[in-house]
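Asker: Here's the letter readout for the chains.
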Amino acid sequence: MVRLDGVALRYGPAAGGRGRAWPEVLQDISFAIDDGAFRWMLGPSGAGKTSLLRLLHLAIRPSRGRLTILGEDINSADRGTLPGLRRRIGMVFQDFRLLPHLSAFDNVALPLRIDGRPEGQIHADASEMLRWVGLLDKLRARPAQLSGGEQQRVAIARAVIARPDLLLADEPTGNLDETQAERLMRLLKELNRLGTTVIVATHNDSLVARHPGPAIRLARGRLVGDG
Amino acid sequence: MAERRRLRPRGFDDLGLKRALGDRMLPALVAAMAFLAALSIAGAIAAASLGRHWQEGATAALTVQVPRRDADAGRVERVLAALRGTPGIAEAHALDDRELADLLRPWLGTDQQSLALPIPAVIEVRLTGTGPDLAALAGRLESAAPGVLVQSHGLWVDRLTTLARSLQACAALVLLVVAAVAAAVVTVATRTGLVARRDAIEIIHGLGATDGYIAGRFAGRASRLAGIGGAVGAAIALPFLIALATIAAPFLNGTTEAATVSADPPAAALAASFDVIASVPAAVWLAAPALPLFAWAIGYATAQLTVRRWLRRLP
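For the protein sequence lines, the chains are A and B, in the order given.
This note's numbering numbers the first residue of the first sequence as 1 and each following residue consecutively.
This note's numbering numbers the first residue of the second sequence as 1 and each following residue consecutively.
For reference, chain B alone in the conformation it holds in the complex (with noise of 0.2 angstroms):
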């Protein structure tokens, strides 16, 4: 058994492929395209996440504005109480003056009493699932109080989301163009492997092997170098993402600014590991071992198909 062994060693190599497919440069290349692939990836389900979680924070809140009117100083409290009696409100806060100083700070500075601008009074409103009907709403406040303005964030959940949709259809076509590269490139080498062992391939296509047999070595060592190649630019890929996850999670969670506060230093640097790992998207988890496996499909169906092709040359 053992002479059996030694005179066939495992991964029998007839057509020399070992040496016509390198196994360097296509990894390598492969690898670049995987790394490119991952960071395509992460950005679509970046925008994603943040298209979804800005969608979701926009469209549970609605901002009314009551303009003030000397003469009538209940004009705030009506309107409050119409948005409390309102199915789908779940809170209306209306901003007392050092909220309003604050929102108004950035456009208006820390002098703004000296401009006497008329400012109206600003009531945030926290929406319950779809919230109440805008249209119903407007003309009960604007009963109740008139001139009042219901700014819904709409057109901001919508530009928003043409952004996300925008960010995830330049990272889809960022991933198609980069499995084209890949297949090119898996198509290039495996000209040169047919080039290089076409002597040996006629001397085994006369013996009787057939193009699936021939096609089938090709695509075998192609498959193997192009998910090696997958496996290394996502693993080289990884600590990208993590670090990109980090840089996110403050917009879709700050669990990592929660986890830097502990009064046990390596408690504190272990529950921030583990929050670093868990801020890291699911899909992100999902996405980066399918990478080699993306890169090995696409190393066998290509040398395959390429094989074939070439094969059809051949009587």
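Chain A extracted, bound-state conformation (with noise of 0.2 angstroms):
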């Protein structure tokens, strides 16, 4: 389901454009995941966790090699296509990525109204996800007026409202304690439990101790491990 051949990432002007070439801060990366697995993604800061995972959200596409993402080869997709697959693609950000003019719960209905579901459908929910994350009181708050870990929370809510295929985590414990964290954990088991693709990036080396599991291992933007 999430297959790369040679996958290589370099920002800047696009092949053939003007400019100077950017490195490339990813190079040569192969690897296949399946369906419902789970895959822990880790390196140290600047390895190209994030830019992979950003490839893998379809916010930017290979330099060069094969990028395969449910299904669907990225590399000859069409552009309209795209929306549709990220759709089935939940992310959690680093830095949580909420809008902040929206109150939590907007924030958290947010993917369910892009899709067009009938707004009763969105209430019960968004409600529900919230619910789940423990913020059920604070729905109409904005993001402004939640700490870090409440934030956290209202992102991965969102990331997991319209029960996406592919769930990939950016470091989503980086603002929490241990107990929030261990419960993302078992939040995050639980999804893949029920047949989600989850990919977490990390460098949290007490976390993964704790929850062992198959791992993806970047270094200087190259594959060094994978199993």
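Fair warning: there could be bad hints in the mix.
[Said to hold, decoys possible] Residues from chain B that face chain A, not an exhaustive set, calculated with beta carbons under 7 angstroms:
{"hint": "1", "residue": "L207"}
{"hint": "2", "residue": "A209"}
{"hint": "3", "residue": "G212"}
[Unchecked claim] Simulated restraints on C-beta separations:
{"hint": "4", "chain 1": "B", "residue 1": "G212", "chain 2": "A", "residue 2": "D5", "range": "51 to 57 angstroms"}
{"hint": "5", "chain 1": "B", "residue 1": "V188", "chain 2": "A", "residue 2": "Q145", "range": "31 to 37 angstroms"}
{"hint": "6", "chain 1": "A", "residue 1": "R66", "chain 2": "B", "residue 2": "P289", "range": "54 to 60 angstroms"}
{"hint": "7", "chain 1": "B", "residue 1": "R19", "chain 2": "A", "residue 2": "N75", "range": "37 to 43 angstroms"}
{"hint": "8", "chain 1": "B", "residue 1": "R19", "chain 2": "A", "residue 2": "R186", "range": "35 to 41 angstroms"}
{"hint": "9", "chain 1": "B", "residue 1": "G212", "chain 2": "A", "residue 2": "G225", "range": "29 to 35 angstroms"}
[What the hints assert, rightly or not] Computed footprint of chain B on chain A, listed as stretches where at least three residues anywhere in the stretch have a Cβ under 8 angstroms from a Cβ of chain B:
{"hint": "10", "stretch": "2 to 11"}
{"hint": "11", "stretch": "54 to 62"}
{"hint": "12", "stretch": "102 to 115"}
Calculated from the structure, these hints are not laboratory results.
Glycine is no exception: its CB is placed at the ideal position from the N, C-alpha and C atoms.
Please assemble the complex out of the two chains, which come individually in their own frames, going by the hints.
Answerer: Have a look at this one:
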């Protein structure tokens, strides 16, 4: 379901475009992850974890190599097919990326509204998600009125509300205390058990030690371990 | 249900466009454009009406000059008889000395007799329909009274028609420029909004929003603001249009002059108001409400194009 064959990523001008070519931040990455699998993505800061997650989230296209996500060949995919694919991918960002002018409820409900779901279903599902992450009493709060941990939980609720086939998380426990981090891990494992493919990028070694599992290891933009 | 309404207020603004596309500058600029457009439309309509009116008046008349010859006193009567027997002529009237003097007063002054000029007899001819064949008529009149001069008003008609069409073309050009400027204003406002909401757009794009979804949000906001601006501009222009129509009315039908003659002042005022409103061409009444719709359409189409083009930079 997720397959990379010799994928490389270079920011800056596109190939053949004007300007100085920037160095590749990812080089020759190849791995495959089956449906419903769980993977850690490990590596020090600057190893390329966030760039790789952005590739998997279809926020950028690879400079070279072949990328297949949810059975779709991204290299040859028409631009019009990508929004539908993105709706099947949940993403928890390191910096939350909540919309500051919207309430917690509206932030969580956003994927459903974009998907054109009926308002009744949106209300029920968003309320349920906020209850699930323990923020039902703060559904009208704006992100600025929430703590870092609460914002993280809103971001997680938004990422999973549409029941994605693939869930990507970039340092999801970075703003959580140990108890909340454990709760989040239980939540991710539960989603994985229900069939969602989960990829979690972290450099929290103790968290990985408590939840051992297969890992993609990156160093200086290269894959140094898979499994 | 009430709780649900509070959670998602009407006009849900996920991109924060109420602040990014402010409700002052864009409507104000579009209102100015709509005001200019309304004046241009009124100018075009007035030029068309006046041109038509002049054309109708000029093509419906002829002037026949009969040089006087002492030896042949019955020339004017023969010409009149020939004219009255011609199909397409409604009336032929020989100007008497007083009418002739009135006609020449602007050029020759009041003491025309002392000039001892050989002034021809002048016959005013009113035509029906397309009028007679002028060449044939001139031939018949020449036979009746040699030296007769038939003057069609066709040259004036052509000049007036050209003038009216030129004015209409200018008005159309102004309209095009106004529409282009309005589109440019919406483009600049939309681009400003795109830059201001870049982060929000990227987040929503990442959540699976299509280009159509994002462009629709911008287009909805921009078209609403442009429509409001168009309505305000049209409303401001309306008194000016009525005033212009009032000024132009005597040239077209003289209704405002007639309305002032009344023994009952309030009734006269009311009648005058009705006459003023009636003097505004129907096309102006149609164009005024159409302006906000055009402004709305320009806002919608321009914002859609601008946003969709901008979104191409995202994967």
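Asker: If any of the earlier hints don't hold here, list their numbers in rising order.
Answerer: Checked against the structure, the hints that fail are numbers 3, 4, 9, 10, while the rest are satisfied.
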